[in-house]
Structures are given as C-alpha cells and as structure tokens.
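Residues per chain, in single letters:
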Amino acid sequence: MKLLRYSLCVPALVATAHATQFMSAEQAQRGFFPAADSFLEKKLDLSTDQLAQIEARSRTRMRLKRFRLWEALAHGQRVGVVIVDEVYGKHEFITYAVGIDPAGKIVGIEILDYRESYGGEVRNAQWRAQFVGKNAQDRLELDKDIRNISGATLSCQHVTEGVRRNLALFHAVFAKN
Amino acid sequence: MSYQSLVFRIALVTALSITAPLLNVTQAQADENLWGYVYGTDTLPKGGTEIYNWLTLRTGKGKGTYRGWDEMLELEHGFTDRFQGSFYLKGRSHRIADGALDEDPSRTLDRSLEFDGVNLAFKYNVSSVYKDLLGLSLYLEPSYSRIHRVTGERMNQFGLETKFLFQKNFFDDQLALAYNFTLEPEWSKFKASGEREKELELEHTVGASYRVLPNWFLGIEGRYHSEYPDFKGREHGAYFLGPNIHYGAEKWWFTFTYLPQIWGHPHIPNRGGSNLHLGEHERHEFRLKIAYVF
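Going down the list, the sequences are from chains A and B.
Residue numbering for the first sequence follows this note's numbering, starting at 809 and increasing by one per position.
Residue numbering for the second sequence follows this note's numbering, starting at -16 and increasing by one per position.
Just so you know, these hints were derived from the structure itself, not from any lab.
Certain hints may be false.
What the hints assert, rightly or not - Label-pair ranges, simulated between beta-carbon atoms:
| # | chain 1 | residue 1 | chain 2 | residue 2 | range |
| --- | --- | --- | --- | --- | --- |
| 1 | B | TYR127 | A | GLY839 | 26 to 34 Å |
| 2 | A | THR856 | B | LEU201 | 24 to 32 Å |
| 3 | A | SER958 | B | VAL195 | 27 to 35 Å |
| 4 | A | ASP953 | B | LYS151 | 34 to 42 Å |
| 5 | A | ASN943 | B | GLN157 | 40 to 48 Å |
| 6 | A | GLY839 | B | SER110 | 56 to 64 Å |
| 7 | B | SER110 | A | ALA843 | 55 to 63 Å |
| 8 | B | SER110 | A | LYS851 | 58 to 66 Å |
| 9 | A | MET831 | B | TRP199 | 22 to 30 Å |
To be verified - Pairs of lysine-lysine, DSS-like flavour, derived with a Cα cap of 27 Å:
| # | chain 1 | residue 1 | chain 2 | residue 2 |
| --- | --- | --- | --- | --- |
| 10 | A | LYS952 | B | LYS215 |
| 11 | B | LYS181 | A | LYS873 |
| 12 | B | LYS114 | A | LYS913 |
| 13 | B | LYS215 | B | LYS181 |
| 14 | A | LYS952 | B | LYS114 |
| 15 | A | LYS942 | B | LYS114 |
| 16 | A | LYS942 | A | LYS952 |
| 17 | B | LYS174 | B | LYS114 |
Stated by the list, open to error - One-sided and incomplete, this derived list gives chain A residues near chain B with beta-carbon spacing under 8 Å:
| # | residue |
| --- | --- |
| 18 | ASP845 |
| 19 | SER846 |
| 20 | TYR896 |
| 21 | LYS898 |
| 22 | PHE901 |
| 23 | GLU924 |
| 24 | ILE954 |
| 25 | SER958 |
| 26 | GLY959 |
| 27 | GLN965 |
Glycine included, each C-beta is placed from N, C-alpha and C at the ideal position.
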C-alpha cells in the first residue's frame, strides 16, 4: 500500500506509446517503381536450404520462414521486387520496405512504421540513400560501407542487417530466375 | 504521508521539472534501465534528458520491525552521444523498533521521508553493445549523504563510486547480459558520537534480461556486496538474487526488482535466516524505477 502511495507521488509519467505510420506499403511500392502498372503480392515459404543460404550470405539470423513481397510489373514484365520486413527496435518492431531492381540492386528503402521515441534518425533520407545501388555482394556493415548515426546505433544496426538479409533473400529466390 | 514528506517530494519534483527543459533538449531518447541494480552500458545521446524516480524498500532483520525507504530523483542528460551526467536528490525514511538492530537493540526510530543528500554521476561509453564485440562503459559517482542507510543516524558521508560496466547482447538484442564491477570508498563522521569511519565497498552485479513481448522484458539479477572497514579486511559480505520486470514505452518506462538476500556472512545468532547477514543488510529489497523521457 505504501509502495502504491509512493508511486502515485511521482510526476505524471503515464503516456501511451503509439505507432506512427509514415508511409503505406503501397506508397513505397509506387515510389520505388513509378513505371510499374501493377504489383503482384507473393507470400514466400522459404525452404530449409534457402534459409541456410540466406543466413550464411547475410550473416544474420532468420527469425521468420515466411516473407511477404510484391513483384512490380510493367506490361507483364518484372521491373523490380518490393519486400516489406520488420526488425527489432528498442521496444517494438520497425517496419520498413526495400525496393530491389531485377539486377539485384537496391532502388531505395523506406521506413513505414516507427514506434520508438528514439533512433528515428534512420528515417533520414541521406542515411537511407547510402543503400541505393548496393547488392548482395556488398558488405553492408555499420561503420564500414554504411555510416552509423551516433545515438541511433541500435536502429541503424538492425535496419542495416535487415536490408542485408533482404538482398540475400532476393539472391536466393530470384537471382537465377 | 506527513506534511514534511509531501513538501520535500513536491520540492524535488518541481526542482527537476524546472531544470530539465533548460537543458536544451533536442531529442527524446531513452537510456533505459533493464535492471534495478545492474547498470547497462547505454548512454543518452547528445541532448537527451530523462527524469527518474527510484524507490527502494529494505526490510527484514530477522527480529523486530525494520523498514528503510530510500528515494532518489535523478535528472540525467546526454552531453555527447557517449557521455552523460546525472544529478540526484536523495531522501530516506526509517521505521526501526523492537530490537531490529543487532548492534543497538534499544534503538527505535520512526522518521518519515527527509532530505538525505545529493549525488553526481558521470558515464562514458567506450564501446557500443550494438555494433562492437562488447559494450563497455565507465562510471563515476561522487556522493554526499547525511542519514545512515541502516541505522538512520545523522552523519556526514562522502563516497566515490567507481563502476566498470560490461554488456553483451544476443538474438538481435532480445537478450541482454550485463556485469558491473564496483568499488566505492566512503568517509563518514557521525554527528552524535563524533566517530569517524572509512571503508571500502566492493560489489559484483550480474543481470540477464529477455524481451518476451514488444515493450516487455523479464530478467534476473544478482548482487554480491562486501565492505572493508579502514580499507583492510572484509567485515561482511552478502549475495542477493531475484527477478525483475521492465516495461518501456515511447515516453516513459519502469523497472521493478525484487532482490532477496540468499546468503550472507557473518551470520548473527538468534535471528531468523541462519544463512543470512542481517546486520548491515536486510532479508528483502524491492526497487521500483520510473522514468519520464523528455
């Protein structure tokens, strides 16, 4: 009872966390591939071999076996792929989208949902622009070929690892197609 | 709650609430405490500011009635992305009766919350737990206290707490492990007796915390605490081990830890808990931290 009484005496601390959606998946798709006339949704169930290949190439852990992506089509031809993924933030998930062209190079990344009070600098356009043109052969490592944002290290690290994982996924699923 | 306690608490909250916005806050960012006693290696980024309320209840001497409440209000600010400073205002209250203190069984005290002293703390992050092999931070906390932690006696005590903080995370930072090594020399002078004391406190603390759901972390933490009077032989030592829970949201977080003593030495005869040291420590400690992120 005393504990409760003490706790009630602290400043008004209760605030509700809320998700901030900066962009929808559809908006990201059209931003990455404006020439596309349709986006075909696919749900990929990765095989054990594919999972192992992606983990080895990306040097990350595969948390999920199922991925959601869209093929960008122009006059029936695939002009790119958009993958929507989540990585851990400090408290919740950071939802982001990656656009990859048919050659396996990144067209852009967009942060769709960010639910944290900190580390939001990963939305910075200059920081995200570092990824454009990278492919699965690139190292994509913080403080090496990707600049870290001091004070937002956790978000930078997890988004960088996520992008690396998505490039490896593209390579495993589409590279020979 | 007495009128005096209420005034003290309002003064603390008001002082820190006024000070925080003056610190040119440019960005809200949390140096969250996943544990109640163990420190992680994160520092606030430049411009980040938080206010914490720490509340610790220590109770159980194996005899009589003993309750010690320690309260701290902390204002923490990031001066660079690697260096932060904190200012603490401390309060303390005691309820001691029925022979609870082994060294002074006749002592009784029923004192509500009073101003205890101030601390400063500085933390420097050497390596990042998120991108380096191991997170490492250095921590220094000079302190002044005017109420004895165990007996409630009036005194003047100066301390200098030095910590080496290590942290390693696993599974995309879902699991965090931390270890702290702490040394704290203290110099005290008791007002009633005029007696002077100096001693060294040595502490090892370890913690593990796992994110079980978005926003929610469950953990465990352990603490070994020992004291060396006159900086010589060990007088006593005690081990504590217990669970904690942490919740973090966008603008606030809390951490609650229950840390019972599991073994201590020397044992004091004719008291419950034959494997515990209930002289300088208690059987149970509870700590609640609540923080507001500016």
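| said: Checking each numbered hint in turn, tell me which of them this model violates, lowest number first. | reply: 1, 4, 5, 6, 7, 8, 10, 11, 17, 18, 19, 24
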